[in-house]
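J.: Taking the hints into account, I'd like the entire structure generated from these sequences.
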Amino acid sequence: MSRNLVALTGRLVAGGRTAFDLLGEVSGPVEDGVIADLARSTGLPAQHVRTVAEFYDELSPTDGHASHARVRVCDGEACRVAGGDGLADSLVERLGGEAVGRVTCLGLCSRAPVLGLDTRVVAGEGEGANQVVAAIRTGRPLSLPEPENAVHAPAAGRPCLLLRRMVAAPSGRATGFPAEGYAALARARSMPPEAVIAEIVDSGLRGRGGAGFPTGAKLAAVAAAPSPDGRRFVIANLDEGDAGAFIDKELAERDPHALIEGILIAAHACGAGEGIIYVRHEYPHAFSILRHAIEEVVARGEDGCALRLVRGQGAYICGEETSLIRSIEGLPATAGLRPPYPAEAGLWGCPTAVNNVETLCTLPWILRHGGAAYARIGRPGSTGTKLVSLNNRLRRPGLYEVEMGTPLREVLFGLAGGMIEGHRFRAVQIGGPLGAILPEAALDVGLGFESLAAVGGTLGHGGMVVFSDHDDLLRLACGLMAFAARESCGRCFPCRIGTVRASELLERIAEHGLTPGREAVLRDLCETLRLGSLCGLGGMAPTPIESLLTHFPDIWRRTA
Amino acid sequence: MSDQVSVTIDGKQARVAAGSTILEAVRAQGGDLPTLCHSRHLAPHGACRLCLVEVEGGRPVAGCHTTVRDGAIYRTTSERLTRLRRTILELIVSDHPLDCLTCRANGDCALQSAVAAIGLPEVRFAAPRTHHPEPDHSHPLLHLDMAKCIGCGRCVRVCDEVQGSFVLGLAGRGFDVRVIAGNDQTLEEAGCSGCGQCAVECPVGAIREAGRIGYPQREVVTTCAYCAIGCSLVVGVGDGRVVAVRPLEDGPANRGHACVKGRFGYGFVHAEDRLRTPLIRRPDGSFAEASWDEALDLVARRFAEIRDAHGGSSFGMISSSRCTNEENYLAQKFTRVVMGSNSVDNCARVCHSPSAFALGAALGTGANTGNFEDVEAADVLLLVGANPTESHPVLGARIRQAVLKGCRLIVIDPRRTELARLADIHIALRPGSNVAVLNAMQQVLIAEGLVDRAFIAAHAENMEALEASLVGMTPEWAEPLCGVDAGTLRAAARLYASARRGLVLWGLGITESCQGTVAAFALINLAVMTGSVGRPGAGAGPIRGQNNVQGACDMGALPNVFSDYRRLDDPQARADHQRIWGVAPPTQAGFKTPEMYGAARAGALKAMYILAQDVAQSDPDTTGVVTALNSLEFLVVQDLFMSETARLAHVVLPGSSALEKEGTFTNSDRRVQRVRQAVPPLAGLTDGTIILEIARRMGASLGFEPPLDAARVMEEIARLTPNWRGISHERLDREGGLRWPCPTADHPGTAIVHEGGHFIRGRARLTPTPWRSPLETADEDFPFLLTTGRMLFHYNVGTMTRRTAIQRLARAREERVHVHPLDAARLSIAEGDRVSVISRHGRVGVPVTIGEDVGPGILFMTFHFPQTRTNLLIGPGADDHTLCPEYKVTAVRLEREGIPEAHG
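Protein chains in written order, with the working numbering: chain A, 1 to 560; chain B, 1 to 904.
In short, the hints are calculated from the structure, not lab data.
Errors might be hidden in some of the hints.
[As the list claims (entries may be wrong)] With beta-carbon atoms standing in for the labels, derived distance ranges:
1) B:123 with A:195: 57 to 65 Å
2) A:554 with B:189: 54 to 62 Å
3) B:189 with A:29: 17 to 25 Å
[Claimed, not checked] Every beta carbon over 12 Å from chain B, so not counted as near; a handful from chain A, in silico:
4) 294
5) 298
6) 300
7) 311
8) 413
9) 468
In this text, a Cβ means the ideal position worked out from N, Cα and C, and glycines have one as well.
T.: Structure (structure tokens):
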């Protein structure tokens, strides 16, 4: 489902646009009439227009989760433990339920709790909430500056690959066309594509989006795969939906040219004629900064490959590569079957490299310094550096670049200074809402793909949310499974129904305790989700639950 | 072999095709995996996950979409798999009603079967959230009970991947995903075509055929009696009645698909007003019921008297595509042997006689050069004067799929049909200007050097004459004649010529015109000039309108040929027939149908026998037809119902439907397929038996004693029909359909005629196609051009479909004249207003529907509704070569009929 609708759209709608694009251009909420009008004017099946609209929170004509409310309180884990739920309740009390919605997540986890007002982000404590109330009631504009995540320069002598330009800039933002130009791209273009790929292979770079697939091998596969019409694509996945992660956001906002240069290097390496950046809806600043940066590149004639921005419309699943491709193709972004992998048959059926933003931002450094130099950083199998984002349960939250292999304890207690006043470390969830939740005993493990897997964890995308003795981990588990249920695309049965049943069961357990019977059902559900689901969303959804069962037996006994 | 891999399945080594899925491999080894979302008619979906298999050294994978890996070791059962499958079933059942015993799908439910097979001890979820949408029984043919939906998406996918209507969708996300029609509308509002394939695919009771409950007592495989695609259907019978119809999974023509008519159009068989006894006209004009003996004796006596008094030429027979090949064969044999007349014709006269004539003259045989599979092989399809998504829905769906998979499409049609909207180029020509358009296209091919000179030199003749005849017929010349800009015509010619495998298909929009044969020649010329014929995907042919119109012609129910199109004056054919028939066939050429009417009006034709055709409604110049029939001394009409034609008869004999008899039909790609009796003939005798009875009572023999044994008739057909010599009921029953030519008992049949440019007539003849204006042109008094055609939900004059559940669909209830919005605005006509449509020949009253499927100045009507009788408008114009009537272009005007009817 459905190559036919893609082909039909191509025949009926000019300019390669899709129902997803057309709906995105609608100003204001998508009403039934909008769907009927769009269907009539384009000839597209009304069913198709409606299913696309209903799939995305921002396009949905009826959904109550995220769209249509001007005020949206972030319900990512960092914000929830920092008081986001109470903030939402108080705003509902002051403004009424209609005006206040929730969103996951705004990517300001170091300033939690935060809320959005239209496209602005506001720190929710004290004055922020008051200003938002006033803005809604009287239309008075916000006077508070937008909150920002802190970006920490690595200590002298520690590798600084990705943050280099932003920490060097007085504003912390390396905006404007870089003085050094696209030197790495120039070097890449002076080399045959195979040599560029070889350099990347030598670097040992693995994808930073979570799966850890070797980047060089992916680009080589795209270059080698036959294309039905000769086209190949590079897609930068800036659908950073993991609550607790603001890595790609900061990269895109603070050094957009590193990303674009990375895309162009990848495009040269694999023979792609178009690079697409898929930006999640919750990152409006990243979108406009990238748009401006692309204009700069095009103006300088550096592009050499078409560059396009696509705005997401609010669906976590779009971070999954097959879903992301279906979204760009204008379909409801349900997970697709693999194989074929996007590298063989991706966007429009053509070989496509879908890469994480951080991965692409790494390519310029590798091209400048050589793959071997990169491979010397970090550990075998997990080379280079990794960006990690930390929430404000820690004293010095924000974005860090750390060498692979650095023990977690050093990251959390060394770099970030440990827990804030009055809080004791309880757990850390690494890699987003589907990542494992690890206890203090696991903190001596070094950052890396295999090392974290060995303790039942995942590096994931590198977002870390730390919880303290004030935080209710069982409630947290309920919220995480509810999130998975809400964001399930609904294609495969285990995830579509299983996440809901698991969520219901967890609520019941939180209320009435974990009986042996409930535990058996919970474990069956977790197993079925893990082994039965079509994609990573359902497959990973039980990970936090299973890790809590393993590492935190006490939380389950509490009310039994 | 390199295209095979070695795998181990449940401990047994097997070699299976590389690239096959694990599910396919397991099934190939005789095993199976449980599935709910999988269908072999659809692409793998991987949703239900019941087909998980264990892979040695890895995680379980879904068998339906994971391809086999060489050396892999798979297990289809394990303790873990059972646990996973049970949990998945438990999840499904947790949001599914447990009313199995009163569910319409009881015993026909894949979920029920899976639970029974895998076992489900309990559902352990307390107070789970569930969905309880109300059942929707608004559609007269399909009932929705979405509380039972399991979200597998098979209905949505079949609506997309097979039917291509895109009416159904899966809306929402996650747990609340639900099947919707259109913009969350009812099926009818959403434009559902009613093919019912969603009900076939639905593994549970969420989408079912309305009314169907319980198993049929028995099932009979037969061939559909509507259009000429020749879909294989499984007819369910209970208590002596047809209770359900579904497509045969492996039907060679339909591959498990069917349309609304084939699936739901069977109710007429048991209609209250079916004729159940013969009727004899009393002197006062009323009809008296009669016994079969009375009626048949009377018919036999009168036919004999008239023959003896006036000679054979005083008798005419109109046979029918509704009848089997065997019956058509007997009808022409009766006419020739018993009555001594060659005046036998069939309904092809008013549809594809020009196609058959032109193909026969140009290539050597009057049938499609290729087959329906060509649609999938072609890279450019030129579709002319045909609207297959409504008239031939199964083929239409296949064309739509081919186009969405990349086949380029050129549509030549005055109407903006569904396929025209999808086309790369739509030539929305003025009705009646086919030949102008096609001549311009031919001219472009020649002028721009786009013809295949080598092919022409090797395989064709008369190119010089054709080239000379086309001089000056440029797109610019055609533009004012057809109303389409020259650039579009040129682009269409170039696109067609660019094909590696170009396919030309045409419909009645070509033939039902005074230049029908010329236009067919032009289309054949295009194919021959470009060498696009005689290869898979490359060919030319008509999409036949009726189930067995090909067979009626093949069987010699024509005034000028025997079966196999052997000429009456062919000495060998005459000798063969005399040897087997025992009498010399008459020599005097027979009348074509319109000539029969003329002869009747002139008093030369005294008696007619009309089988299963309502000519007083279907034929043009209705007044003339009625006068002709009223002039006859004796008219016998054999039909299912008291038709307009039957009202004029002296004796009305109750006919039998295709569901009531044995025999064969020949579809549009020459495939001869079995027709089997599902229920006994309502009035006791089948059409074939009636013919044999009349002959017997006339003291003549047709070589067979009643009742009809169709298999024996086929043996005689095979002896007299060289291209059918290898066809027998026994082979058809064993092998399914056979496409003629099939000259020997071990011949597999012929998918593509003229293969490799080896034309049956030797060289293909390129035929000049001079242009002349249509007889009907618009003027001040009659400013519109009316064109007619079919709509999806009805068939011909609606005799059958109007007596089925299909009639209850809102869009199927009444005739409407289609008017372009600009014309409607100019005439101040609103949707639903009643207007008079007035031609130079007649007038009818009809409500208006406004839409852009017709261009300004053009109107469209169907001819399905006896209360409208559209054919009253049609003039006497006809094709020069074949007398096929000019249904497709009539100058008319519109007049408003008083004030609009109140709505509701």
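J.: Honestly, do residue 554 (chain A) and residue 189 (chain B) meet the 54 to 62 Å range at C-beta?
T.: 57 Å, holds
J.: Starting from the hint 57 to 65 Å, judge whether the C-beta atoms of residue 123 (chain B) and residue 195 (chain A) obey it.
T.: 60 Å, holds
J.: Just double-check residue 294 (chain A) for me: nearest Cβ-Cβ distance to chain B has to come out over 12 Å.
T.: Nearest chain B Cβ is 31 Å from residue 294 (chain A), so the label holds.
J.: Would you check whether the claim that residue 298 (chain A) is not at the interface survives, using Cβ distances to chain B and the 12 Å cut-off?
T.: Label holds. Min Cβ-Cβ 32 Å, cutoff 12 Å.
J.: Taking the shortest Cβ-to-Cβ distance between residue 468 (chain A) and chain B, state whether it exceeds 12 Å.
T.: With a cut-off of 12 Å, residue 468 (chain A) remains clear of chain B, as the shortest Cβ separation is near 31 Å.
J.: The output says residue 413 (chain A) does not contact chain B. Does that hold with a beta carbon cutoff of 12 Å?
T.: The claim stands: residue 413 (chain A) keeps its Cβ more than 12 Å from every Cβ of chain B (closest is about 36 Å).
J.: Would the non-interface assignment of residue 300 (chain A) survive a Cβ cutoff of 12 Å against chain B?
T.: For residue 300 (chain A), whose nearest Cβ neighbour in chain B is about 38 Å away, the distance exceeds 12 Å, so it holds.
J.: Look at the Cβ atoms of residue 189 (chain B) and residue 29 (chain A) and judge whether their distance stays inside 17 to 25 Å.
T.: 23 Å, holds
J.: Say whether it holds or is violated: residue 311 (chain A) keeps its Cβ farther than 12 Å from all Cβ of chain B.
T.: 18 Å, holds
Violation of the numbered hints given earlier is absent; every hint is satisfied by the structure.
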